[in-house]
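S.K.: The chain contents come next:
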Amino acid sequence: MEKLSQEEVKHIAHLARIRLTDDEVEKYRVSLAKLFESVDEIHEIKGYNDEILIAPWKEDTTLREDHVEEMLSQEEVLQNAPAKNGKFVEVPVMLSE
Amino acid sequence: MSKYLDLSIDEIHQLYQEKKLTPTMLLDEVYARIDENMDLNCFITLCKEEAYQTAKELEQEEVDGPFWGIPIAIKDNIITKDIRTTCASKILENFIPIYDATVIEKIKSSKMIIVGKTNMDEFAMGSTSETSYFGAPKNPWNKAYITGGSSGGSASSVAARMVPLSLGSDTGGSIRQPASYTGLVGMKPTYGRVSRYGLVAFASSLDQIGPMTRNVYENALLLSVISGRDDRDLTSSSKKVEDYTKLIGSDIHDLKIGIPSYLVSDIVSQEVKDVFENVVTLLKKNGNTVELVDIDYLKQAVPLYQIIAMGEASSNLARFDGVRYGYRTKQEGSVDDLYELTRSEGFGDEVKRRIMVGSSLLSSSKAKLYYNKALSIRDDMEASFLKAFETYDLLIAPTTTTASYPLGQNQEDPLKSFMDDVLVIPANMAGLPALNLPAGLNQDHLPIGIQIIGAPFEEAKIYQLASYLEKELALDLEGGKCSD
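Residue numbers (my numbering), protein chains in the order written: chain R, 1 to 97; chain Z, 1 to 484.
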């Protein structure tokens with residue numbers, strides 16, 4: 001089995017918004033390669049139908065009545081925020097001068 | 001010594017009606033058994049205070065339906081208002097939900113008492129519950145062995161008779177496989193039968209919540225409570241909820257039962273084959289037709305599942321960004337640093353691996369090559385199952401290839417957790433209802449289960465066959481009770 005390159009692992013980690021240490025990169029070079037090798041087995045399958053099954057769901061989706069229901073309060077919604085300032089969720093500065 | 005927890009829920013109900021037992025007395029026994037068996041590590045959070053409060057409130061009322069005052073354990077990926085819900089992850093270690101999942105509303109309105117939130121694989125990703133941030137739960141039949149997963153704590157808590165009932169979730173076998181390893185009845189209902197609102201999403205097109213119980217009857221009864229259309233889950237079905245116990249006890253003969261041939265091939269161990277053969281012989285002896293049937297693409301079910309489950313997981317878990325809820329990194333930096341460091345510090349290895357592979361498979365041109373192709377083949381697999389159900393009433397197969405095995409084995413192999421689920425994954429792919437029924441014990445006195453798979457919304461028929469076999473096999477499943 002081919003290992004992934006360090007660059008490949010770092011690229012994939014970035015896609016998933018995960019930052020890896022050098023040790024972790026080494027570890028995932030092997031285990032990610034094993035998973036990719038496994039999923040590649042589907043390339044052996046030929047002659048399948050073009051129809052897709054997104055979810056095993058056969059009923060028509062219907063729109064629900066449009067009326068106001070009970071809603072969560074602002075306090076409740078902010079209750080689990082790791083950092084807040086008054087009525088706002090706090091995040092690091094996004095734009096600098 | 002258990003006084004009440006060995007009784008059926010109908011017997012408990014009877015005692016409640018005769019005023020010989022109160023919910024508080026039953027809770028005393030529940031928490032005493034949990035305390036005695038803390039080493040099994042079944043629970044991440046106990047909600048003793050809330051449970052006793054509910055018990056006291058119930059005691060002010062008249063005894064109501066069959067579930068009035070019955071204790072239940074809930075898998076920790078089903079959100080419970082004001083009760084911590086972690087998904088067994090550091091990233092949700094301190095998360096207190098602000099609303100109830102639909103199934104929890106139903107549990108509460110039928111007057112059950114939630115005693116705690118059960119241990120599981122982190123975000124339900126794994127087959128042994130060993131990926132839990134809180135350490136693995138243990139199998140009460142042998143404490144050095146795995147409970148299976150991902151609903152390991154839900155399985156172990158019922159097997160050890162701490163609670164009569166639990167809820168699990170099943171994305172690729174996560175109810176049926178641990179039920180098989182711990183000697184329980186576990187049902188994954190038809191996709192859409194039970195609302196997923198409030199189930200922390202892993203793979204949205206595969207996830208279903210279902211009951212885990214000591215016997216078939218109680219399983220059917222609990223499914224009747226949690227099923228039904230929910231406007232907050234557009235994939236929940238409008239089909240009428242049946243009384244799933246209605247066929248229990250009725251005679252079975254002249255059934256046509258199929259066995260998907262790949263599911264009894266060489267991938268299955270001899271001890272599991274022996275238990276399964278015994279069931280087949282029993283069914284044939286009683287006038288049923290049992291024969292092999294070929295279902296397309298079962299051999300490739302694992303890679304197909306990997307693509308769909310990891311792809312959907314990578315998208316679902318994008319919400320954990322350290323902004324609105326959950327863990328946030330303490331390190332200073334930009335917004336990108338915040339996302340990446342939060343996720344790196346908050347997720348465990350298995351979750352990271354799966355969302356990395358999922359993100360990669362869904363990126364740019366790969367999405368068509370992998371995800372779309374998998375969905376096409378999934379469509380064919382479903383069609384093949386549905387065709388089989390034109391001939392057969394039900395399908396049966398082993399649930400797992402082996403009995404439970406020692407903790408710590410194969411943890412380094414990223415494929416092992418998928419291979420443990422090779423026999424249970426197909427029902428999720430096709431959205432079919434499927435149930436694990438304990439069917440025998442191996443030489444080491446560990447349970448082995450069989451799976452009964454039905455056509456969509458044929459849960460009642462599954463329970464009919466399961467209850468028949470349960471009665472005929474008359475297994476002693478008390479071995480999981482552990483300390484007394």
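Hints listed in this document are in silico derivations from the structure and should not be mistaken for laboratory results.
No residue lacks a Cβ here, since even glycine has one placed at the ideal position from N, Cα and C.
Treat the hints loosely; a few may be bogus.
Some chain Z residues near chain R, calculated using beta-carbon distances under 8 Å [unchecked claim]:
# : residue
1 : 205
2 : 237
3 : 324
4 : 355
5 : 356
6 : 384
7 : 386
8 : 390
S.K.: Compare the structure with each hint and give your call.
M.R.: Hints versus structure:
Given the 8 Å rule on beta carbons, the hint for residue 205(Z) holds: about 4 Å separates it from the nearest Cβ of chain R. Given the 8 Å rule on beta carbons, the hint for residue 237(Z) holds: about 6 Å separates it from the nearest Cβ of chain R. For residue 324(Z), the suggested interface contact is upheld, since its CB lies about 6 Å from the closest CB of chain R, less than 8 Å. Because the closest C-beta pair between residue 355(Z) and chain R is about 5 Å apart, less than 8 Å, the hint holds.
The restraint placing residue 356(Z) at the interface with chain R holds, with a minimum CB-CB distance near 5 Å, inside the 8 Å limit. The interface hint given for residue 384(Z) is violated, since its Cβ lies 11 Å from the closest Cβ of chain R, which is over the 8 Å cut-off. Annotation: interface hint on residue 386(Z) violated; nearest CB of chain R at approximately 10 Å, more than 8 Å. For residue 390(Z), the suggested interface contact is broken, since its CB lies about 16 Å from the closest CB of chain R, more than 8 Å.
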